[in-house]
Each structure stands twice: as structure tokens, then as C-alpha cells.
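Trainee: Read off the chains here:
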Amino acid sequence: MKGAPLKIGFIPLVDAAPLIIARELGFAEEEGIDLELKRSASWSALRDLLYVGQVDAAHMLAPVPVAGALGLGGAGVPLSVISVLSINGNVIGLGQELAYELRNKGHNFSFLNAKEAGKALIGSINDEFRIGVPFPFSMHAELIYYWLSEMGLPAPLGVSVRTIPPSVMVDALKAGEIDAFCVGEPWGSLSVENNVGTLLLPTCAIWKSAPEKVLATRTAWAESEPVLRDRLIRAVWRAARWLSDPSAHSLATEVLSRNEYLNVPAELIGRALSGNMVISAKGEERKIPGFVRFYEGAATFPWKSQAEWIGDRLASRNGLDRAKGREAAARTFRSDFYRAALGGTSAVLPGASSKLEGALSQPAVVTAAQGQLELEADSFFDGQIFEPSRT
Amino acid sequence: MSELLSIVVVESDRDRALQIVDSLRKAGEIEIYVIGTTTSLSREVQKRQPDVVLIDIENPSRDTLEELALASGPLERPVAMFVDQSDDGLSAAAIEAGVSAYVVDGLQPGRLKPILDAAIARFKMFERMRKELAATKQALEERKVIDRAKGMLMKAKGLSENEAYDILRKTAMGQNKRVADVADALVTAAGLLS
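Line by line, the protein sequences give chains R and L. Here my numbering is used: position 15 in the first sequence is 15, and no number is missing along the way. Here my numbering is used: position 90 in the second sequence is 90, and no number is missing along the way.
Misleading hints may appear alongside valid ones.
Said to hold, decoys possible - Now the stretches of chain R that chain L is said to cover, found in silico as 3 or more residues with beta-carbon under 8 Å:
no. : region
1   : 32-46
2   : 155-166
3   : 185-192
Bear in mind the hints are in silico, worked out from the structure with no lab data behind them. Just so you know, even glycine gets a beta-carbon here, dropped at the ideal spot from N, CA and C.
Assemble the whole structure, with the sequences as input and the hints as a guide.
Mentor: Quick look at the structure:
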């Protein structure tokens, strides 16, 4: 029996996995919904498809709905985040020339330490340094700005940041249009595989729990379709839980690698899921536990404080009132919808909907709505702690 | 802004670009530039300063345009797909047809409508052609696989071509699958065993 049809847009990236798995492994069907997945070529196109109702929900960069709420970009259609889809999962990579320069100056490519990597990078570039990110409103851009600025290179002022879609990133690096990139998997690994790039750092080394992709809908849709909305949230949550089991990875990579989804070899996709990254064409391996997270530590809970962090950064960079920006941002992350959908299930929901961001350097057990919940480490590389306006 | 409306069309397929230009010309007197390579997109758009950029929704470089439009002042001129947001029907029709229009400066909706109408009609036609081409290609591929499967059966079981096809067809019916899928499975399995 077919369930209620829902059209969901996605961009070919490893972190679209919860949506693809929800469809292919039957989690959507169990919830009585039939997901039609529509692949999109660019983030702005996907956002616009969502605006005009060509898709009901979309795989989206966490800062896009927030930027819209602040009046930055887009056509002004209010969007709501009904669930986070993934935490972390991006890599910063360098062109071979620049990587060679860093090695020459003694950098060890530990793929671990944001301070050392930042120092080595800043010591090897000149005024013309160009870095590609997939979209102006992305965690890629935010984390690059945060990292470089804290390291003493004012960004975006002091560097040339270019918008290049993920699928074009490797070609842009090869063509010499950029010197470095920050991109989601599998595109970083593909640059390694094609001997075009060397990976310098995973973005989780900058912020250990950065909300990366979200599940976004038009606010009007989320409010007028509570039944479908709740089913969708649950189906995606169940898919995420399935994905968190390492024994599921080989099947997950096979499914994701299909033509209609990512259309890249399964082995490249497996690197991100297992956290066993290969950082250079020489085959140097680095183990990054929690490279991308879909489930552990309430990964998909839409924390208002995450939205506020993004809103605060966007407002301050664009000369907007920061308090208002935070408030508008927090309203887009609908922890109320998430709670409504998962309330009666075995999901452990946090007691609060906002928390200090960056306070945990180690996993910690906190009080949940019922029982206890283990949160993952969420510290920033420079130890800053972000305090949301309401806790 | 000069009196003449200026439009940049981003399209790498030369024939398609020419046809789009033709239909736009019919919509009125317009200055039109075609950009073929996406690597120079950013530079060209900045140089031309067009009123409108038309780009295929399937073109990933659409995100680069978004950045350009933002750089021209996100707060004074909120970037919208369409100037007149109240005209939802037009936006939806354009997106459905695969047109992305980027309005780079404030522009009267009345001036934009005929352009978009023309672009929508043209894009729809190409969409149909693209689908037909894809369907034809798939049919050809499937034909090849079925022929190979038939050949294998004929050789292995000493059958005639018709008998071999009959086996494929019956198996497909029995398994509620398409003949092409059964043929594909046979070819794949034979490849693994050989």
C-alpha cells in the first residue's frame, strides 16, 4: 500500500542519507508516507522549489532558513526547520600546490588541530588567497569565517570567498579558480581521489557539534499539515537511528552511491560514514570518530541556541540588530514540532530547547524530558562559549 | 538604467541559446547577451550589469548568481526570483518549466512578464525534447541488453531467437518485472559466473 505522497528535494551529498534511507529502507512507508525524492543542482534552486511548493520539504543548509528570516536572500517566504538532519561532515581541502607549500614549512596534516592547521595555512598564503564554499549562507562559510578570523586573518574581508556548487568544486580547484575549498562529502574525498586536492581539516575540528543540514519546509505547510509533518519527522529520525549503527554502513553506502542519488563510488561515500578519511593521494589515513553524525547525542534536535548562533553571526556581519537577529533565527528552529512528532516514541528528548553552545569539551549526561540523555562534545576550537538569549 | 531592457542568458548549448534569444526578441526590444561558459559567469554578469539573468534551474552555477545578487546589496534590494512576489502563478510556472530568472535591479513587473512568458514557453519545449531524448536512449540501451540476453539463451540452450525471447517474457511476467530487467539480471549474472 502506498502512503501519502510527499515531495522532498535534496542535493547529492552524503548528508542527504537520512532522507534517502527513509525512503529506500521503508521507514517512510512504515509511517504511511511515500517520499518522492527530487535531486536538485543548486541550493538556491532547491530553496526556490520549496518556496513555490514544487517540493514539500527539502534537505537544506542550516543557515538558509535563518538568513531568510533575517531578510537576507530569497523571496521572503517563511521557512521552518522541523528537524536537523546532520551534525558536521564537511572538510577543508587545499590545492596540491598550496598543500605542498604547507608540507614544506613542516605542517604534519594531523587533520585534527584547527589552530595548527590555521597557522600553517595563514603562513603559506598571500593576499590573493581564494577559497570556495557551496553557498553564501552555509555552515561552510560561517565556520571558515569563524576559524580564520579567530586565527587573525579577518574573514570574509581578508580573503576571497567564492560560491561554487559542491559538484563543481573539484573542477574549480583543478582549473585553478580557487586555492582551497570547504565542502561536504563525498566531494572532498573525490578531490583526493582525482589527485587534485589534499584535505587539511574536518570542520568538526572548528566546532565539534555544528548543525549542518536541516529538514526545511514552508512554515505555512508545517502549520497546515501537522499529520504529514509529524510522520516525516519520525520517518527521518528512524532512518537516522538506523544509520547510526556501523553495521548498516555498507548497505547505506551502496544505496547512496546509486545513479539517482550521489552517483559516485560507494567506497568514497563509506569514508565519511565510517570516519576513516583518506586525506591525500598518497593514501594517508586519518580516523575521525563522529565525522558526520545523524543520531547520537540528540543530533537531529533543532536547538534554538544553534539557530541563535547562526543568526548572531549573520546579523553582525550584515550590520543588523543582533538581538533581533537572534530572536528571528530562533523562531525558525521548530523544536515544538519536533517534540510533538517524537513525544510518544522511544526518542529521548532534551529537557530544554536551548543550551550553551560550546560548553562541553567531553560528552556529558544531562536531564532529559524523561530520563537522561547523553550529549556529545560541542566545544569550539578556541574555547568560546555562546550563550543564547533564553535557556 | 538605460531604456532598453538588458538580459543575460546563461546557456552552454549553442542551438538552445539561439532559440531562446529568438523567442526573447519576439517579446520586445531587448539587449541580449549569451554566456556559454560558467567559469566566466561572475565576471561577465558584473561587466554587463543586466536587468535580468535567465539560467536553467538544472545549472549548478545558479548559486554563483545568488552570490552576485547578494553582493549588490542584500538589504536595499532583497534578492527575489521575481520582482512581483504577489504573482505566485508566474513564479511557479517559471520554476516548473525550469527557468530561473534573476532580477538584478528593481524592474517593473509589467516589463518582465512577456520575457518570462517567452522563456517559459521555450524552456518547456526543451524540457519535452530532453525527456524524449532520454526515453529514446533508455529504450536503445534496453534493446541492447535484451539482445545480449537472447543471444546467451540461444547459445546455452540451443534455442531460436523467438524461443529465447519467449523465455525472457514469461520469466518477466512470472516475476512481475520488465523484460529489460530480467535480461539485465541474466547478463549481470552471466558476467559474474564467466
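Trainee: Hint by hint, work out which the structure violates, then give me just those numbers in ascending order.
Mentor: 3
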